[in-house]
Amino acid sequence: MQKNYYSIIDIGSNTMRLVVYAQDKSGRLHEVENTKAVARLRNYLEEDNILNQKGITRMVDTLKSFKDVVDTYELNELVCVATATIRQAKNNQKIKEIVMEEVGWEMRILSEEEEAYYGYLAVVNSTSITEGITIDIGGGSTEVTYFKDRLLVNSHSFPFGALTLKDFLTGNKSMEKKQIKLRAYLLEQFNTLDWLVDRQLPLIGIGGSARNLAQIHQSRENYPLAGLHQYQMNDSDIAEITSYLSSLCEEELGKVEGLSDDRVDTIIPAANVFLCLYQMIDATTFVLSRKGLRDGVFYEQMTNHLESPLYPNVLEDSIEDLVHEYNLNETQIHHVQFLTKKLLEELQINGLGSLTRHDWELLDRACYVYNLGQYIDSESSAQHTFYLLANRTIDGLMHIDRLKLALIASFKNKTVFNQFIDPFHSWFLKKERKKLYTLGSLLKFTYSLDATKRQVVQDFDFEMIKSDTIKLTLYCNNDFKPEEYQANKQKNHLEKALQKNIELKFVLN
856 MQKNYYSIID IGSNTMRLVV YAQDKSGRLH EVENTKAVAR LRNYLEEDNI LNQKGITRMV
916 DTLKSFKDVV DTYELNELVC VATATIRQAK NNQKIKEIVM EEVGWEMRIL SEEEEAYYGY
976 LAVVNSTSIT EGITIDIGGG STEVTYFKDR LLVNSHSFPF GALTLKDFLT GNKSMEKKQI
1036 KLRAYLLEQF NTLDWLVDRQ LPLIGIGGSA RNLAQIHQSR ENYPLAGLHQ YQMNDSDIAE
1096 ITSYLSSLCE EELGKVEGLS DDRVDTIIPA ANVFLCLYQM IDATTFVLSR KGLRDGVFYE
1156 QMTNHLESPL YPNVLEDSIE DLVHEYNLNE TQIHHVQFLT KKLLEELQIN GLGSLTRHDW
1216 ELLDRACYVY NLGQYIDSES SAQHTFYLLA NRTIDGLMHI DRLKLALIAS FKNKTVFNQF
1276 IDPFHSWFLK KERKKLYTLG SLLKFTYSLD ATKRQVVQDF DFEMIKSDTI KLTLYCNNDF
1336 KPEEYQANKQ KNHLEKALQK NIELKFVLN
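In the numbering used here, the protein residues as written are 856 to 1364.
No lab work stands behind these hints: they were computed from the structure. Any given hint could turn out to be false.
[Said to hold, decoys possible] Taking CB as the label site, the calculated pair distances span:
id : residue 1 : residue 2 : range
1  : Tyr928    : Pro1278   : 12 to 22 Å
2  : His1160   : Lys949    : 53 to 63 Å
3  : Gln908    : Asp1137   : 43 to 53 Å
4  : Gln1156   : Lys922    : 12 to 22 Å
5  : Glu957    : Tyr1078   : 35 to 45 Å
6  : Ser1233   : Thr912    : 37 to 47 Å
7  : Asp1053   : Gln908    : 20 to 30 Å
8  : Leu1284   : Gly959    : 37 to 47 Å
9  : Glu1076   : Met1030   : 19 to 29 Å
Glycine included, each C-beta is placed from N, C-alpha and C at the ideal position.
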(Lines of atoms letter the chains of each structure in order from A and count residues from 1; the text may use other names and numbers.)
(Lines give C-alpha, C1' and ligand atoms only; values in the text may rest on other atoms or scores of the structure.)
Protein backbone atom coordinates (compact mmCIF):
# COMPACT_ATOMS: atom_id res chain seq x y z
CA MET A 1 0.00 0.00 0.00
CA GLN A 2 1.36 3.42 -0.96
CA LYS A 3 1.89 5.60 2.12
CA ASN A 4 1.00 9.25 2.41
CA TYR A 5 3.71 11.51 3.83
CA TYR A 6 3.25 14.82 5.61
CA SER A 7 5.83 17.18 7.03
CA ILE A 8 5.90 20.00 9.52
CA ILE A 9 8.69 22.48 10.21
CA ASP A 10 8.50 24.15 13.62
CA ILE A 11 10.56 27.35 13.97
CA GLY A 12 10.87 27.81 17.73
CA SER A 13 12.75 30.33 19.83
CA ASN A 14 15.32 27.78 21.00
CA THR A 15 15.19 24.95 18.46
CA MET A 16 13.98 24.38 14.94
CA ARG A 17 12.60 20.96 14.10
CA LEU A 18 11.59 19.00 11.04
CA VAL A 19 9.18 16.07 11.41
CA VAL A 20 7.93 13.79 8.64
CA TYR A 21 4.88 11.63 9.29
CA ALA A 22 3.66 8.59 7.39
CA GLN A 23 -0.05 7.83 7.36
CA ASP A 24 -0.74 4.09 7.67
CA LYS A 25 -3.77 2.11 6.54
CA SER A 26 -5.58 2.84 9.82
CA GLY A 27 -5.35 6.56 9.07
CA ARG A 28 -3.08 7.38 12.01
CA LEU A 29 0.16 9.32 11.61
CA HIS A 30 3.53 7.92 12.68
CA GLU A 31 6.86 9.74 12.76
CA VAL A 32 9.40 8.53 10.23
CA GLU A 33 11.80 11.48 10.44
CA ASN A 34 12.60 13.85 13.31
CA THR A 35 15.47 16.30 12.92
CA LYS A 36 16.38 19.09 15.32
CA ALA A 37 18.66 22.10 14.96
CA VAL A 38 19.55 24.39 17.86
CA ALA A 39 19.21 27.85 16.32
CA ARG A 40 18.41 29.92 19.45
CA LEU A 41 16.73 32.60 17.37
CA ARG A 42 15.76 34.36 20.60
CA ASN A 43 19.39 35.44 20.99
CA TYR A 44 19.18 37.33 17.67
CA LEU A 45 16.14 39.39 18.65
CA GLU A 46 17.38 42.95 19.27
CA GLU A 47 16.07 45.26 21.98
CA ASP A 48 13.77 46.92 19.46
CA ASN A 49 12.28 43.46 18.65
CA ILE A 50 13.95 43.24 15.25
CA LEU A 51 15.37 39.84 14.32
CA ASN A 52 18.83 40.74 13.05
CA GLN A 53 20.40 39.57 9.81
CA LYS A 54 22.58 37.00 11.53
CA GLY A 55 19.48 35.37 13.02
CA ILE A 56 17.62 35.43 9.69
CA THR A 57 20.61 33.85 7.92
CA ARG A 58 20.85 31.14 10.54
CA MET A 59 17.15 30.38 10.25
CA VAL A 60 17.21 30.28 6.43
CA ASP A 61 20.32 28.07 6.33
CA THR A 62 18.63 25.63 8.72
CA LEU A 63 15.45 25.59 6.63
CA LYS A 64 17.50 24.86 3.49
CA SER A 65 19.09 21.87 5.23
CA PHE A 66 15.60 20.68 6.20
CA LYS A 67 14.49 21.09 2.59
CA ASP A 68 17.23 18.71 1.47
CA VAL A 69 15.71 16.10 3.78
CA VAL A 70 12.04 16.56 2.86
CA ASP A 71 12.85 16.54 -0.84
CA THR A 72 13.63 12.81 -0.47
CA TYR A 73 9.93 12.20 0.27
CA GLU A 74 6.93 12.56 -1.99
CA LEU A 75 4.99 14.76 0.39
CA ASN A 76 1.23 15.14 0.33
CA GLU A 77 1.50 18.27 2.42
CA LEU A 78 4.08 20.45 4.15
CA VAL A 79 3.38 23.00 6.88
CA CYS A 80 5.93 25.50 8.19
CA VAL A 81 5.01 27.27 11.43
CA ALA A 82 6.83 29.80 13.60
CA THR A 83 6.21 30.67 17.25
CA ALA A 84 7.17 33.29 19.84
CA THR A 85 10.41 34.83 18.51
CA ILE A 86 9.14 35.29 14.95
CA ARG A 87 5.73 36.33 16.28
CA GLN A 88 7.34 39.04 18.43
CA ALA A 89 9.74 40.21 15.72
CA LYS A 90 8.60 43.51 14.19
CA ASN A 91 10.11 42.47 10.86
CA ASN A 92 8.25 39.14 10.72
CA GLN A 93 6.47 39.96 7.45
CA LYS A 94 9.84 40.61 5.82
CA ILE A 95 11.08 37.31 7.28
CA LYS A 96 8.10 35.52 5.70
CA GLU A 97 9.00 36.98 2.32
CA ILE A 98 12.64 35.88 2.69
CA VAL A 99 11.62 32.32 3.56
CA MET A 100 9.34 32.14 0.54
CA GLU A 101 12.01 33.58 -1.74
CA GLU A 102 14.96 31.55 -0.40
CA VAL A 103 13.29 28.24 0.46
CA GLY A 104 9.94 28.30 -1.33
CA TRP A 105 7.83 27.71 1.78
CA GLU A 106 4.90 29.70 3.11
CA MET A 107 5.72 30.35 6.76
CA ARG A 108 2.69 30.52 9.04
CA ILE A 109 3.22 32.63 12.17
CA LEU A 110 1.09 31.22 14.96
CA SER A 111 -0.74 33.54 17.31
CA GLU A 112 -0.51 33.02 21.07
CA GLU A 113 -3.99 31.49 21.04
CA GLU A 114 -3.13 29.09 18.22
CA GLU A 115 0.10 27.97 19.90
CA ALA A 116 -1.77 27.16 23.13
CA TYR A 117 -4.63 25.50 21.23
CA TYR A 118 -2.40 23.11 19.30
CA GLY A 119 -0.70 21.95 22.49
CA TYR A 120 -4.09 21.22 24.05
CA LEU A 121 -5.30 19.44 20.90
CA ALA A 122 -2.23 17.18 20.90
CA VAL A 123 -2.83 16.19 24.53
CA VAL A 124 -6.54 15.33 24.24
CA ASN A 125 -5.92 13.37 21.01
CA SER A 126 -3.08 11.29 22.46
CA THR A 127 -4.13 10.63 26.08
CA SER A 128 -7.31 9.60 27.88
CA ILE A 129 -7.17 12.59 30.24
CA THR A 130 -10.55 14.33 30.09
CA GLU A 131 -9.76 17.30 32.36
CA GLY A 132 -6.42 18.91 33.06
CA ILE A 133 -3.98 21.80 32.74
CA THR A 134 -1.35 21.79 29.97
CA ILE A 135 1.92 23.71 30.00
CA ASP A 136 4.35 24.15 27.12
CA ILE A 137 7.57 26.04 27.90
CA GLY A 138 9.20 27.36 24.77
CA GLY A 139 12.29 29.51 24.47
CA GLY A 140 10.40 32.80 24.42
CA SER A 141 6.88 32.06 25.69
CA THR A 142 4.97 29.67 27.92
CA GLU A 143 1.48 28.47 27.00
CA VAL A 144 -1.01 27.11 29.52
CA THR A 145 -4.52 25.77 28.90
CA TYR A 146 -7.36 24.34 30.94
CA PHE A 147 -9.65 21.75 29.35
CA LYS A 148 -12.69 19.94 30.71
CA ASP A 149 -14.57 17.04 29.12
CA ARG A 150 -11.78 17.21 26.49
CA LEU A 151 -12.93 20.70 25.43
CA LEU A 152 -10.74 23.80 25.71
CA VAL A 153 -12.04 26.18 28.37
CA ASN A 154 -9.19 28.66 28.98
CA SER A 155 -5.80 29.40 27.47
CA HIS A 156 -3.04 31.95 27.99
CA SER A 157 0.43 32.68 26.68
CA PHE A 158 2.95 34.14 29.13
CA PRO A 159 5.71 36.35 27.65
CA PHE A 160 8.51 34.31 29.21
CA GLY A 161 10.25 31.12 28.23
CA ALA A 162 13.21 29.01 29.24
CA LEU A 163 15.68 31.31 27.47
CA THR A 164 14.35 34.52 29.02
CA LEU A 165 13.95 33.04 32.51
CA LYS A 166 17.59 31.95 32.70
CA ASP A 167 18.45 35.64 33.22
CA PHE A 168 17.15 35.18 36.79
CA LEU A 169 19.99 32.76 37.44
CA THR A 170 22.83 35.12 36.48
CA GLY A 171 24.76 37.24 38.96
CA ASN A 172 26.74 36.62 42.14
CA LYS A 173 23.94 35.68 44.53
CA SER A 174 23.59 32.10 45.69
CA MET A 175 21.61 29.72 43.49
CA GLU A 176 19.04 29.39 46.26
CA LYS A 177 18.41 33.15 46.41
CA LYS A 178 18.22 33.42 42.62
CA GLN A 179 15.65 30.63 42.48
CA ILE A 180 13.60 32.22 45.26
CA LYS A 181 13.42 35.39 43.16
CA LEU A 182 12.51 33.36 40.05
CA ARG A 183 9.74 31.48 41.86
CA ALA A 184 8.31 34.70 43.28
CA TYR A 185 8.09 36.07 39.73
CA LEU A 186 6.49 32.90 38.41
CA LEU A 187 3.88 32.74 41.18
CA GLU A 188 3.06 36.40 40.57
CA GLN A 189 2.52 35.64 36.88
CA PHE A 190 0.46 32.51 37.49
CA ASN A 191 -1.70 34.31 40.06
CA THR A 192 -2.95 36.64 37.33
CA LEU A 193 -5.08 33.72 36.08
CA ASP A 194 -7.73 32.75 38.62
CA TRP A 195 -8.57 29.61 36.64
CA LEU A 196 -5.21 28.11 37.60
CA VAL A 197 -5.62 28.21 41.38
CA ASP A 198 -6.27 24.96 43.31
CA ARG A 199 -7.57 23.01 40.33
CA GLN A 200 -6.43 19.63 41.75
CA LEU A 201 -6.06 18.21 38.25
CA PRO A 202 -3.32 16.51 36.24
CA LEU A 203 -0.64 18.90 34.97
CA ILE A 204 0.46 17.85 31.50
CA GLY A 205 3.90 18.96 30.37
CA ILE A 206 4.59 19.50 26.66
CA GLY A 207 7.84 20.26 24.86
CA GLY A 208 11.56 19.66 25.15
CA SER A 209 12.03 20.91 28.71
CA ALA A 210 9.31 18.58 29.99
CA ARG A 211 10.82 15.68 28.04
CA ASN A 212 14.25 16.32 29.50
CA LEU A 213 12.83 16.51 33.02
CA ALA A 214 11.15 13.10 32.55
CA GLN A 215 14.28 11.61 30.98
CA ILE A 216 16.42 12.73 33.91
CA HIS A 217 13.93 11.27 36.38
CA GLN A 218 13.77 7.95 34.53
CA SER A 219 17.56 7.76 34.51
CA ARG A 220 17.86 8.51 38.24
CA GLU A 221 15.14 5.97 39.04
CA ASN A 222 16.59 3.27 36.73
CA TYR A 223 13.10 3.14 35.27
CA PRO A 224 12.47 -0.35 33.83
CA LEU A 225 10.09 0.59 30.99
CA ALA A 226 10.83 2.35 27.71
CA GLY A 227 8.97 5.41 26.49
CA LEU A 228 8.21 8.91 27.75
CA HIS A 229 4.66 9.60 26.58
CA GLN A 230 2.24 9.59 29.54
CA TYR A 231 5.09 9.12 32.04
CA GLN A 232 4.04 10.33 35.50
CA MET A 233 5.83 12.22 38.27
CA ASN A 234 4.75 14.07 41.40
CA ASP A 235 5.83 17.38 42.97
CA SER A 236 8.45 15.77 45.21
CA ASP A 237 10.02 14.17 42.11
CA ILE A 238 10.23 17.56 40.36
CA ALA A 239 11.52 19.25 43.52
CA GLU A 240 14.21 16.60 43.99
CA ILE A 241 15.40 16.92 40.38
CA THR A 242 15.40 20.72 40.62
CA SER A 243 17.46 20.58 43.81
CA TYR A 244 19.85 18.05 42.29
CA LEU A 245 20.39 20.06 39.09
CA SER A 246 20.84 23.29 41.07
CA SER A 247 23.72 21.74 43.00
CA LEU A 248 25.72 21.05 39.84
CA CYS A 249 28.13 23.28 37.95
CA GLU A 250 27.76 23.74 34.19
CA GLU A 251 30.33 21.04 33.42
CA GLU A 252 28.52 18.57 35.70
CA LEU A 253 25.16 19.47 34.16
CA GLY A 254 26.58 18.55 30.77
CA LYS A 255 27.08 14.99 32.00
CA VAL A 256 23.60 14.46 33.43
CA GLU A 257 21.97 11.44 31.81
CA GLY A 258 18.81 12.46 29.95
CA LEU A 259 19.69 16.15 29.66
CA SER A 260 20.24 17.46 26.13
CA ASP A 261 23.29 19.63 25.55
CA ASP A 262 21.16 22.49 24.28
CA ARG A 263 19.12 22.58 27.51
CA VAL A 264 21.95 22.62 30.04
CA ASP A 265 21.47 26.35 30.69
CA THR A 266 17.64 26.32 30.59
CA ILE A 267 16.57 23.15 32.43
CA ILE A 268 16.74 24.69 35.93
CA PRO A 269 14.45 27.65 35.14
CA ALA A 270 12.11 25.27 33.26
CA ALA A 271 12.00 22.85 36.21
CA ASN A 272 11.08 25.76 38.48
CA VAL A 273 8.20 26.65 36.17
CA PHE A 274 6.80 23.10 36.36
CA LEU A 275 7.20 22.97 40.13
CA CYS A 276 5.58 26.37 40.73
CA LEU A 277 2.61 25.61 38.51
CA TYR A 278 2.22 22.14 40.06
CA GLN A 279 1.97 23.76 43.49
CA MET A 280 -0.25 26.58 42.24
CA ILE A 281 -2.90 24.23 40.85
CA ASP A 282 -2.35 21.63 43.60
CA ALA A 283 -1.93 19.08 40.83
CA THR A 284 -2.78 15.41 41.28
CA THR A 285 0.13 14.32 39.06
CA PHE A 286 2.54 15.55 36.41
CA VAL A 287 2.15 13.76 33.07
CA LEU A 288 4.61 14.08 30.21
CA SER A 289 3.09 14.36 26.74
CA ARG A 290 5.49 13.64 23.88
CA LYS A 291 2.82 14.96 21.55
CA GLY A 292 2.82 18.74 21.29
CA LEU A 293 2.36 21.71 18.99
CA ARG A 294 3.52 19.96 15.81
CA ASP A 295 1.18 17.03 16.40
CA GLY A 296 -1.67 19.41 17.21
CA VAL A 297 -1.25 21.17 13.86
CA PHE A 298 -1.58 17.86 12.03
CA TYR A 299 -4.44 16.60 14.14
CA GLU A 300 -6.28 19.68 12.86
CA GLN A 301 -5.17 19.01 9.28
CA MET A 302 -6.27 15.38 9.42
CA THR A 303 -9.71 16.19 10.83
CA ASN A 304 -10.54 19.32 8.83
CA HIS A 305 -13.25 17.41 6.96
CA LEU A 306 -14.91 16.33 10.22
CA GLU A 307 -17.21 18.20 12.56
CA SER A 308 -14.71 18.01 15.43
CA PRO A 309 -10.89 17.85 15.58
CA LEU A 310 -11.14 15.45 18.55
CA TYR A 311 -10.66 11.72 18.03
CA PRO A 312 -13.71 10.04 19.62
CA ASN A 313 -11.72 7.39 21.48
CA VAL A 314 -7.95 7.68 21.71
CA LEU A 315 -7.34 4.31 23.35
CA GLU A 316 -9.61 2.35 21.00
CA ASP A 317 -7.77 3.86 18.03
CA SER A 318 -4.40 2.88 19.53
CA ILE A 319 -5.53 -0.70 20.11
CA GLU A 320 -6.88 -0.84 16.55
CA ASP A 321 -3.47 0.31 15.34
CA LEU A 322 -1.91 -2.72 17.05
CA VAL A 323 -4.49 -5.06 15.53
CA HIS A 324 -3.68 -3.80 12.04
CA GLU A 325 0.07 -3.62 12.60
CA TYR A 326 0.33 -7.23 13.74
CA ASN A 327 -2.34 -8.63 11.41
CA LEU A 328 -4.45 -9.98 14.25
CA ASN A 329 -7.62 -11.95 13.50
CA GLU A 330 -10.53 -9.62 14.28
CA THR A 331 -13.18 -12.33 13.89
CA GLN A 332 -11.39 -14.42 16.49
CA ILE A 333 -10.90 -11.40 18.75
CA HIS A 334 -14.62 -10.59 18.87
CA HIS A 335 -15.59 -14.20 19.44
CA VAL A 336 -13.11 -14.59 22.30
CA GLN A 337 -14.37 -11.31 23.75
CA PHE A 338 -17.87 -12.82 23.93
CA LEU A 339 -16.63 -16.00 25.66
CA THR A 340 -14.33 -14.08 28.01
CA LYS A 341 -16.94 -11.58 29.09
CA LYS A 342 -19.50 -14.31 29.77
CA LEU A 343 -17.03 -16.37 31.81
CA LEU A 344 -15.93 -13.29 33.77
CA GLU A 345 -19.56 -12.46 34.59
CA GLU A 346 -20.26 -16.04 35.73
CA LEU A 347 -17.22 -15.98 38.01
CA GLN A 348 -18.35 -12.61 39.40
CA ILE A 349 -21.86 -13.91 40.12
CA ASN A 350 -20.41 -16.88 41.98
CA GLY A 351 -17.94 -14.74 43.94
CA LEU A 352 -14.85 -16.38 42.45
CA GLY A 353 -11.46 -14.75 41.85
CA SER A 354 -12.40 -11.42 43.54
CA LEU A 355 -13.33 -10.15 40.08
CA THR A 356 -15.06 -6.82 39.42
CA ARG A 357 -16.62 -4.93 36.51
CA HIS A 358 -13.43 -2.89 36.19
CA ASP A 359 -11.56 -6.10 35.38
CA TRP A 360 -13.51 -6.37 32.14
CA GLU A 361 -11.87 -3.14 30.94
CA LEU A 362 -8.46 -4.80 31.29
CA LEU A 363 -9.60 -8.08 29.73
CA ASP A 364 -11.42 -6.35 26.89
CA ARG A 365 -8.21 -4.59 25.80
CA ALA A 366 -6.15 -7.73 26.30
CA CYS A 367 -8.52 -9.72 24.05
CA TYR A 368 -7.42 -7.52 21.15
CA VAL A 369 -3.68 -7.98 21.61
CA TYR A 370 -3.40 -11.42 23.22
CA ASN A 371 -0.24 -13.20 22.10
CA LEU A 372 0.53 -10.64 19.37
CA GLY A 373 4.22 -11.56 19.73
CA GLN A 374 3.59 -14.67 17.62
CA TYR A 375 3.78 -12.27 14.67
CA ILE A 376 7.53 -12.18 15.35
CA ASP A 377 8.18 -15.71 16.59
CA SER A 378 5.66 -18.34 17.71
CA GLU A 379 8.14 -20.17 19.93
CA SER A 380 8.88 -17.12 22.09
CA SER A 381 5.61 -15.29 21.52
CA ALA A 382 4.98 -14.63 25.23
CA GLN A 383 8.31 -12.81 25.60
CA HIS A 384 7.74 -10.75 22.45
CA THR A 385 4.16 -9.95 23.46
CA PHE A 386 5.22 -8.71 26.88
CA TYR A 387 8.13 -6.65 25.61
CA LEU A 388 6.20 -5.03 22.77
CA LEU A 389 3.20 -4.04 24.87
CA ALA A 390 5.18 -2.95 27.94
CA ASN A 391 7.67 -0.83 26.03
CA ARG A 392 5.83 0.86 23.19
CA THR A 393 3.70 3.97 23.40
CA ILE A 394 -0.02 3.22 23.50
CA ASP A 395 -1.90 6.52 23.35
CA GLY A 396 -4.52 6.61 26.08
CA LEU A 397 -2.69 4.30 28.51
CA MET A 398 -0.51 5.43 31.40
CA HIS A 399 2.61 3.31 31.93
CA ILE A 400 1.14 1.28 34.81
CA ASP A 401 -1.91 0.38 32.70
CA ARG A 402 0.31 -0.50 29.76
CA LEU A 403 2.22 -2.88 32.03
CA LYS A 404 -1.00 -4.51 33.25
CA LEU A 405 -2.07 -5.03 29.63
CA ALA A 406 1.30 -6.61 28.81
CA LEU A 407 1.15 -9.00 31.77
CA ILE A 408 -2.36 -10.23 30.91
CA ALA A 409 -1.94 -10.47 27.13
CA SER A 410 1.39 -12.31 27.37
CA PHE A 411 0.22 -14.90 29.93
CA LYS A 412 1.77 -18.32 29.36
CA ASN A 413 2.17 -19.91 32.79
CA LYS A 414 2.99 -18.99 36.38
CA THR A 415 6.75 -19.23 35.92
CA VAL A 416 6.83 -16.89 32.93
CA PHE A 417 4.32 -14.53 34.57
CA ASN A 418 6.58 -14.26 37.64
CA GLN A 419 9.60 -13.59 35.41
CA PHE A 420 7.78 -10.74 33.70
CA ILE A 421 6.40 -9.13 36.85
CA ASP A 422 9.53 -9.52 39.00
CA PRO A 423 11.20 -6.18 38.00
CA PHE A 424 7.92 -4.43 38.85
CA HIS A 425 7.19 -6.28 42.09
CA SER A 426 6.98 -3.07 44.12
CA TRP A 427 4.47 -1.57 41.68
CA PHE A 428 1.69 -3.90 42.82
CA LEU A 429 0.20 -5.14 46.06
CA LYS A 430 0.03 -8.89 46.53
CA LYS A 431 -3.69 -8.98 45.75
CA GLU A 432 -3.10 -6.96 42.56
CA ARG A 433 -0.46 -9.43 41.39
CA LYS A 434 -2.88 -12.29 42.10
CA LYS A 435 -5.63 -10.51 40.16
CA LEU A 436 -3.40 -10.02 37.11
CA TYR A 437 -2.43 -13.70 37.23
CA THR A 438 -6.12 -14.66 37.36
CA LEU A 439 -7.02 -12.43 34.42
CA GLY A 440 -4.10 -13.73 32.37
CA SER A 441 -4.99 -17.37 33.03
CA LEU A 442 -8.66 -16.68 32.21
CA LEU A 443 -7.75 -15.10 28.87
CA LYS A 444 -5.37 -17.92 27.95
CA PHE A 445 -8.17 -20.41 28.68
CA THR A 446 -10.81 -18.63 26.59
CA TYR A 447 -8.40 -18.31 23.66
CA SER A 448 -7.84 -22.08 23.88
CA LEU A 449 -11.59 -22.46 23.23
CA ASP A 450 -10.94 -21.03 19.78
CA ALA A 451 -7.65 -22.82 19.17
CA THR A 452 -8.31 -23.36 15.45
CA LYS A 453 -9.82 -19.90 14.86
CA ARG A 454 -13.06 -21.48 13.55
CA GLN A 455 -15.36 -20.29 16.38
CA VAL A 456 -16.31 -23.92 17.02
CA VAL A 457 -17.31 -23.26 20.64
CA GLN A 458 -20.42 -21.17 20.16
CA ASP A 459 -21.57 -20.85 23.77
CA PHE A 460 -21.36 -22.51 27.18
CA ASP A 461 -23.26 -23.09 30.41
CA PHE A 462 -21.59 -22.46 33.77
CA GLU A 463 -22.48 -24.53 36.82
CA MET A 464 -21.05 -24.97 40.32
CA ILE A 465 -21.62 -28.70 40.96
CA LYS A 466 -19.65 -28.85 44.21
CA SER A 467 -18.15 -26.20 46.41
CA ASP A 468 -14.79 -26.89 44.77
CA THR A 469 -15.80 -27.70 41.17
CA ILE A 470 -16.90 -25.63 38.17
CA LYS A 471 -18.59 -27.44 35.29
CA LEU A 472 -18.55 -25.89 31.84
CA THR A 473 -20.77 -27.39 29.17
CA LEU A 474 -19.47 -26.12 25.84
CA TYR A 475 -21.78 -26.14 22.81
CA CYS A 476 -20.00 -26.68 19.48
CA ASN A 477 -21.05 -26.47 15.84
CA ASN A 478 -18.22 -28.58 14.38
CA ASP A 479 -15.50 -31.05 15.26
CA PHE A 480 -14.18 -29.83 18.59
CA LYS A 481 -11.25 -32.19 19.28
CA PRO A 482 -8.48 -29.54 18.89
CA GLU A 483 -10.37 -27.12 21.16
CA GLU A 484 -11.08 -29.89 23.68
CA TYR A 485 -7.42 -30.86 23.78
CA GLN A 486 -6.17 -27.30 24.23
CA ALA A 487 -8.82 -26.33 26.79
CA ASN A 488 -8.05 -29.36 28.98
CA LYS A 489 -4.37 -28.57 28.66
CA GLN A 490 -4.73 -24.88 29.62
CA LYS A 491 -7.44 -25.05 32.29
CA ASN A 492 -4.92 -25.88 35.04
CA HIS A 493 -3.69 -22.25 35.14
CA LEU A 494 -7.23 -21.02 35.78
CA GLU A 495 -7.83 -23.80 38.31
CA LYS A 496 -4.78 -22.65 40.28
CA ALA A 497 -5.87 -19.02 40.12
CA LEU A 498 -9.44 -19.76 41.28
CA GLN A 499 -8.47 -22.68 43.55
CA LYS A 500 -11.30 -24.70 41.98
CA ASN A 501 -11.48 -27.76 39.78
CA ILE A 502 -12.85 -27.21 36.29
CA GLU A 503 -14.74 -29.98 34.44
CA LEU A 504 -15.23 -29.55 30.70
CA LYS A 505 -17.96 -31.20 28.68
CA PHE A 506 -17.94 -30.54 24.95
CA VAL A 507 -21.28 -31.08 23.16
CA LEU A 508 -21.92 -31.09 19.42
CA ASN A 509 -25.12 -29.21 18.63
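Quick rundown of the hints versus the structure:
no.: 1; hint: Tyr928 x Pro1278: 12 to 22 Å; in the structure: violated, 39 Å
no.: 2; hint: His1160 x Lys949: 53 to 63 Å; in the structure: violated, 35 Å
no.: 3; hint: Gln908 x Asp1137: 43 to 53 Å; in the structure: holds, 47 Å
no.: 4; hint: Gln1156 x Lys922: 12 to 22 Å; in the structure: holds, 20 Å
no.: 5; hint: Glu957 x Tyr1078: 35 to 45 Å; in the structure: holds, 44 Å
no.: 6; hint: Ser1233 x Thr912: 37 to 47 Å; in the structure: violated, 57 Å
no.: 7; hint: Asp1053 x Gln908: 20 to 30 Å; in the structure: violated, 48 Å
no.: 8; hint: Leu1284 x Gly959: 37 to 47 Å; in the structure: violated, 60 Å
no.: 9; hint: Glu1076 x Met1030: 19 to 29 Å; in the structure: holds, 24 Å
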